[in-house]
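Spelled out from the first residue to the last, the chains are:
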Amino acid sequence: MKIVVCVKVVPVSDSIITIAPEKTAIDLVNIKFDLNPYDEFAIEAAVQLKEKNGGEVIAISLGPERDNISLKRVLALGADRMIHLVTADKALSDPLATAKALATEIKPLSPDLIFCGKLSIDTGNGLVGPLVARLLEYPFLTGICELQVGTDQLTAAKDTEEGRIIYESSLPCLLTTEKGLNKPRYPSLKDIMLSRKKEIITKNVNLTEKASEIIQLLEPAPRPAGTILGQSVDAVPELIRRLREEAKVL
Amino acid sequence: MKIFTYIEPENENISKNSAGCLTLGRQLADLANGSLTAIVPAQESSTMQNECGRYGADRVAFTKNYDKYIPEVTASDVANILLQENGDILILPDRPAIRDIAAIACETVSGSIAVDCLQVNLDSENSPIVRRAMYGGKALADLKLIKKPVFITIRANIIPPQENIRSAETINFPSPPSAVTPKIKINEIRPVTSKRPALTDAKIIVAGGRGIGAPENFHLIEELADALGAAVGASRSVVDAGWVPQTLQVGQTGKTVSPDLYIACGISGAMQHIAGISSAKYIVAINNDPDAPIFKIANYGIVANLFEIIPEMIKLLRNIK
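First to last, the protein sequences are chains A and B.
Residue numbering for the first sequence follows this note's numbering, starting at 1 and increasing by one per position.
Residue numbering for the second sequence follows this note's numbering, starting at 1001 and increasing by one per position.
Okay, chain B solo, but in the shape it has when bound (with noise of 0.2 Å):
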């Protein structure tokens, strides 16, 4: 069996997720005595070709071609490559421009595709069967996944990245250069001035809703994360008040997450909020109501004004530091 995954460069590295798709990989290669080969949409580099054999790929395809913001070009390489090497598995690190790409290289090469993925197994045939949330996490679905090549895109943050180290050798492909000549071009990058990391990356969330009363309470929701270099977040209320941009929501209708820790102020917990967080591993929840339905899925919880607690832990984090 023969099995991909593609990595997603981060600076002239490759990406934690991608490093957690390869560990996938592996393992799914060992249990079919089959092969693991990343594909890397990069100009050749030894630092990514040695990372690729630390985290278990035996072979690296770099396809050189590589537009970060537009999907067609890579997703024409990609599918080049699963063709020319009849490969069974491509699993990829979720991520929306990443799903871009595997449903473009799905449709090209007719495989099958499950996006947002949490486990994948095999079957007895050897057929990927993936586990997924649906309803924005009120469900849990395991789909076979028929048609091969099989594409699966793995949600951020779930699949620690474990070393197997192997030698990785380079391989070409005769890709035809410049298979495909987009039809989109980009006019313009407006870069996000904010240094925080992504909400879908970040192992620690922020998140403000309601309860912090005002949009110019907001700031208190930003230092305590600063404080712990976390992303910020914010319930659909909030968002759709106008307090935050949109880009900030957390849940059914915005983004689901999975950090280490989520930090939940002023926020009640309706169910699509609480759906967007389920897979975060530990939830803190500071609300001044004991009836918030988020006490019932937190962790730990202070019932309290939070006007009190943020500046507090806001304090006692600096003196850890």
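Just chain A, same shape as in the assembly (with noise of 0.2 Å):
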């Protein structure tokens, strides 16, 4: 079986985030960078799919080349190989174009399954996994939490607002990966050891075509400063008694 995962280098979730002067980019200085955390869960996914039934997971993701050092803990994490198209900061905040490049990579590999996270914390769009999909003529399921894989064909469930869907797909298919699906492991030593024999495929692509660009970036608008009502239960009727005729939201 031939296993594809498509990885994002992000900023971690506890980052302070702040715009650099030119307004269209965050400031990088003190920027930690690791694997976005829905990533991991593909990972875990797609070695667990390789050690229950043999074959081969290959990793690919689109960044700076700073990334490169991010990006050793997936083969660290059990992916066999890793591909790494360099591209600039800025290129990334198109998702077609993105998905365009990706899935160009991917194609001549013609894997059985794919998997993304769910969605990149620094964008936020969730969009990248379901256009490959789309340019490859694959079916796709997102933010899915249980999987079970066969043959020919695949189980995967999702949680919606009205419940758990159990979805049925012919493979291949493209599958973006929810927390909870599995636990992803901490490498061991030997791991990191074996890791170091593994390779990082690089090449620069170039993002030309454009769908959609940044105008500028802004600070959130500071939240008013609130008040603190009390230090007991005596400060409950004024909490209900504000948010009724002060804030009008019950």
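Don't take every hint at face value.
Restricting the straight-line Cα-Cα distance to at most 30 Å, the calculated cross-link-like pairs of lysine-lysine (DSS-like) are [to be verified]:
1) 203/A x 72/A
2) 210/A x 1148/B
3) 1148/B x 23/A
4) 52/A x 1185/B
5) 1148/B x 107/A
6) 1203/B x 1315/B
7) 197/A x 50/A
8) 1144/B x 210/A
9) 1255/B x 32/A
Because the hints were derived from the structure by calculation, they are not lab data.
Dock chain one against chain two, each of which comes alone in its own frame, and use the hints as you go.
Below, the structure is given as structure tokens:
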């Protein structure tokens, strides 16, 4: 079974984000980068399938050169090789352009399964997975939290507002992973040593055609200073009064 | 300029967020001297037709084919309508299943797309400029969408519906029946048993964090939620500890929410949590640590033990009713 995992390197979720002076990018000083948390479930799902059924896990990432350090971790987590499509930072804001670059690279591999994280926590789009699937004419399911893979079909579950839906799809298929699908492993020292022998192939790509562009980034307006209403149950009637009369939300 | 709004049917009517999208669509259509057409993925219904007109639609197209959980069919109808009509903008209410529809349709017609948007404006050339959150709400981005047709999904509970009554006419599209055969099918639906509203749609959310101490105390959060008709949420730490299901998680690696009122109980306010609630209109914090960061963003705070405060709130709220 040949499995491709698409991963992205993002600022970690406890990063303090400030806007760079030119207003179209964030200030990269003091930002720590790591794998997008949803992608860890994608890697784990792929590696578990390989351990069970044999085959190969190929990871692909599109991003700037500095991502190289974080991408080594994908190999320690069990991917057999890593393809890093190197591009400039600003190219990454356009989901369709990103999806086209990934799909072009994935197509000749003709994998049985493609995994992506449900969304990346930087742009928060969740579009690249579905767009890659469409470009490759694969069926897709987004945000899966349960998975069983057979020889030519799979079943997967996803949670919606109305409940858990159990889907069936033929292979090949693209799946995007939700938190809770599995428990991503911590690589052992041996995994890390072995991963040093694995290869990160870098290729420069130029995303020329753009469907959207960033005009400016802004800091969110600060929330107005709040009021501490008290230190005991005596404050509760005042809280409820304010919610009803001042905020008018009850 | 031809503007379209995708309508989400709900209980034989249109959802509140769809009405908000029609309101936005009407505003843009008026700015650009254009028209507004509602695309309704359902059988023809005079109720829905009238409701679309009530919030400003000039025309209504019922696509008839509809499978709520398989996006390909609806996406193919949406793409056909936009192509036949040479549509400029499609506005959709954001939710995961609708994002999938927007992504498929956008790829089919080679358009451009922005999801979970908070605002939409037109520049001097009538190109849409959208504002959306990035980095889980720690920054906002203004994006220009260049390629038409443009797909824009709007975050729930952001645009209040405003009436702009007109009599919307129904239009028919020679939609090819079953133009796509989905490769995906549904084996089973296990409905949720909870009668509480969905987190992303809820007007009020009561959320619990580490301060609730143990999983068996989480019922306090649920009781307060039920006293308010609210949804229940949780911080990452209680989800990671396995106390509550992942579906309740609010924050950068959970759900981004925009209720009128968010009551954070025993939640310290880690950056990634605060980011996910930054578009809540009012935030209440109940926490016994006066230095908890949640108090910096809360409109109202009580620095006390939540095991005393929550039962008192439930008691007073029940008295009001």
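Evaluation of the provided hints:
1. 203/A x 72/A: It holds: about 16 Å lies between the C-alpha atoms, which stays within 30 Å.
2. 210/A x 1148/B: Given that 30 Å is the threshold and the Cα spacing comes to 12 Å, the pair holds.
3. 1148/B x 23/A: 26 Å, holds
4. 52/A x 1185/B: Holds. Residue 52/A to residue 1185/B sits at ~25 Å (cutoff 30 Å).
5. 1148/B x 107/A: Roughly 27 Å separates the two Cα atoms, so the pair holds.
6. 1203/B x 1315/B: Within the cut-off at roughly 21 Å; holds.
7. 197/A x 50/A: At roughly 19 Å apart (the allowed maximum being 30 Å), residue 50/A and residue 197/A satisfy the hint.
8. 1144/B x 210/A: Distance ~11 Å between residue 1144/B and residue 210/A Cα, so the pair holds.
9. 1255/B x 32/A: 23 Å, holds
Violated hints are absent here; each numbered hint is respected by the structure.
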